[in-house]
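S.K.: Under our numbering, think of the first position of the sequence shown as 2, with each following residue one higher.
Keep in mind that the hints are not guaranteed to be accurate.
Pairs of lysine-lysine residues, derived as PhoX-like cross-links and limited to a Cα-Cα distance of at most 20 Å, are as follows [said to hold, decoys possible]:
| hint | residue 1 | residue 2 |
| --- | --- | --- |
| 1 | K282 | K269 |
| 2 | K109 | K235 |
| 3 | K235 | K106 |
Derived DEER-like restraints, expressed as beta-carbon distance ranges [as the list claims (entries may be wrong)]:
| hint | residue 1 | residue 2 | range |
| --- | --- | --- | --- |
| 4 | W284 | G150 | 35 to 41 Å |
| 5 | I259 | S166 | 56 to 62 Å |
| 6 | R160 | D195 | 21 to 27 Å |
| 7 | N256 | N97 | 47 to 53 Å |
| 8 | M231 | E267 | 34 to 40 Å |
| 9 | P42 | M231 | 29 to 35 Å |
| 10 | K127 | S241 | 22 to 28 Å |
| 11 | V79 | L266 | 27 to 33 Å |
| 12 | G174 | T112 | 34 to 40 Å |
| 13 | R141 | K282 | 53 to 59 Å |
Everything labelled a hint here was simulated from the structure, so no lab data went into it. Here the structure is a predicted model, which means the values were calculated and not measured. C-beta atoms are modelled at their ideal positions from N, C-alpha and C, and glycine is treated no differently.
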Amino acid sequence: MERELSYRSLPKWILLALVSATTAWGIDIFPTLINGRVADPSLFPASVWTRSCTATVVGERVVFIAAHCVSGSISFTVGANRYTASCNVAREYSGNSTADYALCKTDKVVTGIPYEKVNIDPARFKVGEPLLLTGYGCVRAGGGGGNDGTYRIGESTIRRMPSGSSNDIVTSGGAALCFGDSGGPAFHVAPDGDRYVVSTNSRGDIRTTSYLSATHTATARRFFDAWYQMAGMKICGIHSDAVGCRGTAPQQPTNFSIAHPLVQLEGKVTAGNESRLPDIKRWLEDALNAMP
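Taking the hints into account, I'd like the entire structure generated from these sequences.
M.R.: Encoded structure:
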């Protein structure tokens with residue numbers, strides 16, 4: 002039986018019972034990846050927790066997540082900064098649960114991290130190869146354990162690739178998805194360490210088998226293209242000129258200068274803050290003009 006992996010899919014009375022059990026008995030009932038291991042957070046800074054699902058930052062202002070995880074907007078933190086994002090769901094999802102795609106536009110540029118790359122190459126991997134499953138969801142078969150804010154990872158073998166109207170990559174053996182992993186990325190990792198997000202975590206039997214909505218299908222590509230036309234935000238791995246992507250040259254600071262009767266100023270605006278340059282120059286000029 003396939004089950005969505007977000008806490009949104011649980012009846013409210015179950016959630017209330019779980020919270021009560023946690024309070025009364027100190028039991029850790031919210032989950033993390035089954036058969037996974039704790040990841041080094043510094044290696045996955047673009048994987049974020051939205052309090053009910055896992056998500057991935059894949060551009061300056063772009064977050065990739067499962068459609069069933071969102072109902073308009075999400076929020077998350079990266080370092081000390083908090084972000085909110087408005088989300089759009091693939092139109093095919095309403096009639097096809099394997100098109101479990103959503104993209105969200107953040108309220109400001111996500112700074113201080115490299116963004117993950119989205120795969121659009123159907124030849125990058127095949128049946129029998131491993132994928133790296135990841136998420137903040139449950140640790141025990143059937144659900145339960147964890148949810149201590151820890152990101153976990155684990156390998157699972159591809160058993161089936163997308164075909165026809167199905168966008169599913171099906172994996173089993175090793176790690177498996179659990180409640181709370183929804184929306185997170187599965188990675189294909191090359192021998193040289195380069196990696197791509199190949200899917201979003203969609204569904205699973207909460208024991209051994211996971212269903213991942215692949216990013217390389219025609220349905221996914223149509224959604225990515227339509228969202229870009231609407232939002233105007235470039236996606237790493239899809240747009241060659243997207244900036245700040247993992248494995249690409251870091252974005253350089255932007256130079257600026259101010260010619261003032263009192264002084265000639267030259268400086269650099271750090272990457273990710275280019276949109277604030279007019280305000281910075283105006284503030285500096287006002288400060289100089291206010292001098293006696």
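S.K.: Against the earlier hints, flag every one the structure doesn't satisfy and list their numbers going up.
M.R.: none
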